[in-house]
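**Q** Listed below, chain by chain, are the residues.
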Amino acid sequence: MSNAWPLRTRAGAPEDPVFIGVGELPSGRYPDRTFIGDLTAVALRALRDARMKPRDIDTILLIPNLHSFSDQADLIFSRLVEELGLAGHAKASFMVHSGGSTSDNAVRVAAGLISSGHARAVLALQCERWGSADLVEMITMLSKNGIPGEWELPSGLQFNAIGALIARRYMYASGSSAADMAAVCVALRKWAQLNPNAMYRGKPLTVEQVLASRMVADPLHAMECPMLADGAAAFIMTSAENAAHHGIEAAVRIAGSGGCVSHYSVGQESNLAVLGWPTAARRAYEQSGWGPRDAQLAQIYDSYAAVTAIALEGLGIAETGEGARWFASHCAPGGSFPCNTNGGLLSAGHTGVGGGTALLIEGVRQLLWRAEAPRQVEGCERCIVGGTGGSYMDAQVLLLERWLAGARA
Amino acid sequence: MSAPIVTAFREGLAKGELLIQQCGQCGRPNMYPRYACPFCQSERLGWQKSTGHGRLHSFTILRAGAPAGFENDLPYALGVVKLDEGVQLLARLLPDADGTWDGYACDQVVEFAPRGPNASREYHCAWFRRARQA
Numbered sequence: 001m002s003n004a005w006p007l008r009t010r011a012g013a014p015e016d017p018v019f020i021g022v023g024e025l026p027s028g029r030y031p032d033r034t035f036i037g038d039l040t041a042v043a044l045r046a047l048r049d050a051r052m053k054p055r056d057i058d059t060i061l062l063i064p065n066l067h068s069f070s071d072q073a074d075l076i077f078s079r080l081v082e083e084l085g086l087a088g089h090a091k092a093s094f095m096v097h098s099g100g101s102t103s104d105n106a107v108r109v110a111a112g113l114i115s116s117g118h119a120r121a122v123l124a125l126q127c128e129r130w131g132s133a134d135l136v137e138m139i140t141m142l143s144k145n146g147i148p149g150e151w152e153l154p155s156g157l158q159f160n161a162i163g164a165l166i167a168r169r170y171m172y173a174s175g176s177s178a179a180d181m182a183a184v185c186v187a188l189r190k191w192a193q194l195n196p197n198a199m200y201r202g203k204p205l206t207v208e209q210v211l212a213s214r215m216v217a218d219p220l221h222a223m224e225c226p227m228l229a230d231g232a233a234a235f236i237m238t239s240a241e242n243a244a245h246h247g248i249e250a251a252v253r254i255a256g257s258g259g260c261v262s263h264y265s266v267g268q269e270s271n272l273a274v275l276g277w278p279t280a281a282r283r284a285y286e287q288s289g290w291g292p293r294d295a296q297l298a299q300i301y302d303s304y305a306a307v308t309a310i311a312l313e314g315l316g317i318a319e320t321g322e323g324a325r326w327f328a329s330h331c332a333p334g335g336s337f338p339c340n341t342n343g344g345l346l347s348a349g350h351t352g353v354g355g356g357t358a359l360l361i362e363g364v365r366q367l368l369w370r371a372e373a374p375r376q377v378e379g380c381e382r383c384i385v386g387g388t389g390g391s392y393m394d395a396q397v398l399l400l401e402r403w404l405a406g407a408r409a
Numbered sequence: 001m002s003a004p005i006v007t008a009f010r011e012g013l014a015k016g017e018l019l020i021q022q023c024g025q026c027g028r029p030n031m032y033p034r035y036a037c038p039f040c041q042s043e044r045l046g047w048q049k050s051t052g053h054g055r056l057h058s059f060t061i062l063r064a065g066a067p068a069g070f071e072n073d074l075p076y077a078l079g080v081v082k083l084d085e086g087v088q089l090l091a092r093l094l095p096d097a098d099g100t101w102d103g104y105a106c107d108q109v110v111e112f113a114p115r116g117p118n119a120s121r122e123y124h125c126a127w128f129r130r131a132r133q134a
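As they're listed, the protein sequences go chains X and Y.
Going letter by letter, the first sequence gives residues 1 to 409 in the working numbering.
Going letter by letter, the second sequence gives residues 1 to 134 in the working numbering.
It is worth saying that the hints were derived from the structure and are not from the lab.
Incorrect hints may appear among the rest.
What the hints assert, rightly or not - SDA-like cross-link-like pairs, simulated, lysine to any residue; straight-line CA separation at most 25 angstroms:
{"hint": "1", "chain 1": "X", "residue 1": "Lys91", "chain 2": "X", "residue 2": "Ser132"}
{"hint": "2", "chain 1": "X", "residue 1": "Lys53", "chain 2": "X", "residue 2": "Gly88"}
{"hint": "3", "chain 1": "Y", "residue 1": "Lys15", "chain 2": "Y", "residue 2": "Ala64"}
{"hint": "4", "chain 1": "Y", "residue 1": "Lys82", "chain 2": "X", "residue 2": "Gly146"}
{"hint": "5", "chain 1": "X", "residue 1": "Lys144", "chain 2": "Y", "residue 2": "His53"}
{"hint": "6", "chain 1": "Y", "residue 1": "Lys82", "chain 2": "X", "residue 2": "Asn271"}
{"hint": "7", "chain 1": "Y", "residue 1": "Lys82", "chain 2": "X", "residue 2": "Asp218"}
{"hint": "8", "chain 1": "X", "residue 1": "Lys144", "chain 2": "Y", "residue 2": "Leu74"}
The following block holds chain Y by itself, in its conformation from the complex (with noise of 0.2 angstroms):
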């Protein structure tokens, strides 16, 4: 059983939105999503739909020891991503078009992927890619 904190950021990613909790009465934005808002302890929180916009504070390409069911994954990426909205999260990283993750580096700027990677499984996770060069 799933909390709804837990199911309605998960139905958000289903939909190819990236929810950011937010105080209902503090209005700071939070995550990852918390039963109470750790600024002023509200039970009332809501969500915004995040721009998708931030950096990658740092990143890894997992080639070896994935944890049981992500052994068929070998190699992916995993990054943690700065959003403008000031939060943060773990994230999955799609490769460039080569297949590789050898374009990515640390403080570039990446956007959410809502349709993630089009795999067959379905992943309870963001997944982030290279953003456009402007």
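So here's chain X without its partners, still in its complex pose (with noise of 0.2 angstroms):
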């Protein structure tokens, strides 16, 4: 391509950015937790993880939540910092938001601010109270925001409306048939079971109670629908000469990125069974030099079974058409290329902008070889991360890869 662009970060050099630690509270409906008190806790699990103390942290990136928008400016103005004893200390304390795909964007950002010299150590964190939330709230805020009020909101359009018309396109596209969509809900509540933090462990799914749930927005069923969720994830990143620094051995760095806004509304986009996945999946694997055959797994947002299917085949992970078909009976719990290990947002939980957080951090906890057994794929190095936000108005691809301490590239 004409115009590449080419990583400017290299694996081994001092300024290469990597995730060192990741942490996450159990998701589900926790009525007791408190939204800064899961933000703390989950800041020092990660920090623990990552074998560092909050003053080893200049930086903090907050992703946002959906539930409140008085939590929403306790973060905006910089709670954290005090609640970490950070004041006085940090550099930095902001925001950044894409929806769904925050995280990914988040990665990058920090990526950027370290490589360069304008952070030291960032910590990324995020909490969702949906679970605890008013379920009718939280319905009217996410289907009367982010989309055009002037154009859609007078047609009565909602989320479950909008990935039903992407399931929908999906499956007259592929010829995937209701039983093939719902096999990819029971292949995630498979890995749910083996993930300790999933909302859904302990509680098995067939694809017989799939179709059998009342049709919400037809093809969709209600257990095609993600559940709203309390949750809590956090990473830190740093250079890999400060990993080194701190004696950390095993860290995470990222090979390339790419990434595709395709519309903001979606009676915009072209094509529904595509989305932007083909155009990010091309300029990620340009950067990164690998493709699709030399990873291992993939963590892949999966608010519907659709979305995911349309991403493993806008990745090259599967053949166009083969998409649901292919995870049901490849990315399974012993599958020849696992994906979505902590269940995904259907299973573990749709913790709302954390759900993509989710994925990336058990993508990294995956490479870092820290997932409880049996859920760790052994041996794995190199894992693709893919998300999406708003009404999948993008397509985000971060291809991480294991990285060990005085390894050069």
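Two chains, each in its own frame: build the complex with the hints.
**A** What follows is the structure, encoded as structure tokens:
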């Protein structure tokens, strides 16, 4: 490509940005937990995982919540700086926001700050209280925002309807049956049985149960729609040099990233069965120098089965038209290409903007070889992370690889 | 307060016309209407009346979880329509005579329904129905 844009950081370079730790709290309904309490707890978990103390952090990247404007204001006005004892020490605390793809963009921001020297160590963190929020209020909030108020709001468009428009076109284009789509949900549920933080751990699911659940927005059954959950996730990034300085041996670097914002409103997407994935994937693979055959696993946004199936095809992991069937036959526990090993949004819980964050940190955790057995993908070295936000407005791809201190490119 | 493009589009709907924004500079059609031409950035924007013919890219029938104000409409159908003029829009879909959308399918030919659902309330969105079989 004439307009190829290589990554400016190299494996082994001192300024190469790397992940060194992650933290997570269980997802589900936890009315007794609190927003700031969860953020503090998840930050401390990530710091312990990274073998760092709060004062090793100089920049806090805030991943937003969707449940409360006032909680958002607390974040934006640097409450976490005080809670973590960083008043007078932290250089910056600010928010990055692109809905469900926020975590992917937060990684890009953190990587840029670190490799350019504007940050030494970045703590990115997120908490959502969707599971304990008023459901009707959340449905209305989700339905009325993020779509063009002048043009689409008057139609009665709603978030499950957006997922259904994508699912319908995908099923039509691929010839996937209702059972094919349900089987994706069932595969995700199997992963959730292995994840202690998953909302649906201990609640297995069958294709028959999915198809017997009530129709919510044709072709989506109730059990094909994500459940709003409370949850919290965090990750820590720093330079390879600083990681080595802290005695960290195993880390995760970014081999490349690619993105494509294909629309704002679902009514303006030219192909709902493709979205921005082929463009985003091409950009990411060009930058990394490795492709879908070189990865051992993937973590791809899955608010609905079709969203992930479309991404699998665009990423070149599955053949065009085979995404849903391929997921069910290859991506479940024991399969040849594990995907969404935390159970995904559909079975770990939809923690708002945090759904993508949970998938991202699961990818990092797998590459750090810190997932609980038997969920850990043995010896994995490369993971594809795919995210999307808004009304599936963008496709974001991060290509992550395990990196050992002392290794040189 | 509504922007002039919003008022003009909605006045068109009220008269039974589906208006497509058209650039007075480069001549390209554009939907949904915007404040500057997304192709040449001209602010000299006008309208053309759509033929109302198009194909259904995708559709859904919402049966639960309507946003506030739409509860009494349930179930109702939404679709993405690709108009023959080369632009597309989100629209509501009228049920067939049997009261269902069972006859709808992707890529089917659909047409603008100028009178909408004849409902007591006014909808500021376009309605489409399955085109009569030729």
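**Q** Can you give the numbers of the hints that this structure goes against, from lowest to highest?
**A** Per hint list: 1, 3 and 5 violated.
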